[in-house]
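J.: Chain residues, written in single-letter form:
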Amino acid sequence: MDYRDHINDLLDGDLEAINESALFGELAVNSELRSEFKQQLAIRSAVQNDRVALVPPVALTSSVFSGLGFAGPLAGAAAGAVGGSLLSTWLPKVGVPLLAAAAATGITWGILRSDSQQHEQVAQQAPQQAPQQTVQQTVQQPVQQPVVQTGATTVVEKPCNHETQIAALKRDNAILRTELQRARTVVEPTNEQSLAEQNIERTSMPAQEMQPAQRVTLTNAITLAPASDQRMIQQTSLQPITMRSTMYPAFLVQLRGISTSSLVDVNAPAQSTWYENVGLGLLYQLSDNHAVGVEMGSEVFPMSFQGDINGQTIRYQQQPQSMWAGAAYRYTLSPLGTSGFAPFGQVFLGGTSFGPLGRATAGLQYSPSGPLSFILGVEGMAMAYQFNSSWFTSSKLGLTYGVAVRF
Amino acid sequence: MERQLSEYSDTELFALLRTERRELAFGELYSRLSPNVFAYCMRVLGSRDRAYDVFQDTFMRFYQSAERIEYLENVRAYALTICRNLCLNEKKRAQTQVVEFDEALYNPGISREADRSEMMKLITMAMELLPHDQKEVFVLREYDGLSYNEISAMLNIKLETAKVRVFRARQRIKEILEPYLNEFSKE
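If you read the sequences in order, they're chains A and B.
Numbering-wise (this note's numbering), the first sequence opens with residue 39 and increments by one.
Numbering-wise (this note's numbering), the second sequence opens with residue 125 and increments by one.
Treat the hints as calculated values from the structure; they're not laboratory data.
There may be inaccurate statements among the hints.
Claimed, not checked - A partial selection of chain A residues facing chain B, derived with a Cβ cut-off under 7 Å:
(1) Asn46
(2) Leu98
(3) Asn305
Claimed, not checked - DSS-like cross-link-like pairs, simulated, lysine-lysine; straight-line CA separation at most 27 Å:
(4) B:Lys287 to B:Lys215
(5) B:Lys298 to B:Lys215
(6) B:Lys215 to A:Lys76
(7) B:Lys216 to B:Lys287
(8) B:Lys287 to A:Lys76
(9) B:Lys245 to B:Lys282
(10) B:Lys282 to B:Lys216
(11) A:Lys76 to B:Lys298
(12) B:Lys245 to B:Lys215
Built from N, CA and C at the ideal position, the CB exists for glycine as well.
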């Protein structure tokens, strides 16, 4: 007795009661038959779920009804589904590159904004820093020049304490003045010698107190002329921006969308994700013309191949998505006049999870000002893959567009 | 009191296709028959685009046939017969068998339809490898729910032949999916 037939009849609902008890008796002791039964139940359950999921789409229903000239019970829903279908078809193609471009623009804007804020801060700080620098310069220069000329050793030994020394000298000068006044009132008019000595001291003191006074005056004179210094500092702070656009080597981060059509006839639906057909590259710009780098991305590859399996020729069609990565070289020509547009060509060699990948791109690069640039070009792609020891190729042709930031 | 269309039999609805109420009758018949026809197209042809074309063509011909057929006993079997003939023509037109791989083969973590389990996808793949005669009766039996008598009448084969083909199809699917089913039964 073949219990597999009984299992089959049980699944069909045709198993007789007498055979049902025999089958369950055997299932209780026969692990192999039990496994067979479980497997058949699993298949049946999966088929039932698949059957429930197989419902004609609203768009297809709409087509049937409109083909017969009927409005259709789901005309409104079908129209909505058609609109949704159009959205779902075009949104990944248009929306993702737009989203990527918007994100790149936002990042670039953030970088530029933070950069300009730094320069604004430098410009705002410049008037405050300039007098400090001039004070330091003016303090040092007048001190050194008089020291050499007058030989005032105290200034040389303690160059940083000029103000305190000046204040001390002023205090000494004030003390001497008061003491001199007191002496004039106390000293006898007959004491000519002592008066003469005090006069000598008195005449010599102004000479000592003039030196610090001259220094202060000189310092103030230089400090009061900051206008020209501010301009010089602002120009100096702007130099890095003008230098950046011509400084090499430089890095170029590029985000681009790829909108290509298959050159291979494939009817199978494409595997779709939100990040499909985009590329992210990092180029090392050696000069105005040459750049090398790496690039990676995700893309759908239409594949059509065939092979003999058990004497039967089977043709496979699929559009799987795969990550790709590789090395790129870009040659950029000189800009067209002052328009900011420059033609470029790029070659790429890399691989996917299926096989080697090559790309060739030609287009225009627009660099308005600063580190931001945009590209638009025509791109051809070919990927080779192997099935049953035979090589096949998947090729596409289309447009590429993106945004790049140089830093 | 007028009966609701949902209370009509398939035969009565088919007869209404020759009247002024043909649009409503067709809508009701479509809601009843379309799941069976769609499942047959999808699972027998294996190609979505081709299945859509055949599905649409089936209902066009089905509606047009009402002009020349006054009475039809088994409407569902008739619609499936139209569909089957169109599928056979389509398979003859395409010289080689086209297998569309499901994306789950390349990215098991991504599912186009949330309610489709991994097991369903594997069975769909296994069905593509069945001989056409086995696949056909398996779909009619498991997906469309036809009885063996209906299958034998529709395909013009013996009752036992229909049973044997379904049995062999089940065994063949089990053999193809043996490694997966073992893992499944362990869980």
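J.: Could you run down the list of hints and mark each one as holding or not?
T.: Taking the hints in turn, this is what the structure says about them:
no.	hint	verdict
1	Asn46	5 Å, holds
2	Leu98	6 Å, holds
3	Asn305	5 Å, holds
4	B:Lys287 to B:Lys215	24 Å, holds
5	B:Lys298 to B:Lys215	25 Å, holds
6	B:Lys215 to A:Lys76	34 Å, violated
7	B:Lys216 to B:Lys287	26 Å, holds
8	B:Lys287 to A:Lys76	21 Å, holds
9	B:Lys245 to B:Lys282	31 Å, violated
10	B:Lys282 to B:Lys216	24 Å, holds
11	A:Lys76 to B:Lys298	11 Å, holds
12	B:Lys245 to B:Lys215	22 Å, holds
Checked against the numbered hints above, the structure violates hints 6, 9; every other hint is satisfied.
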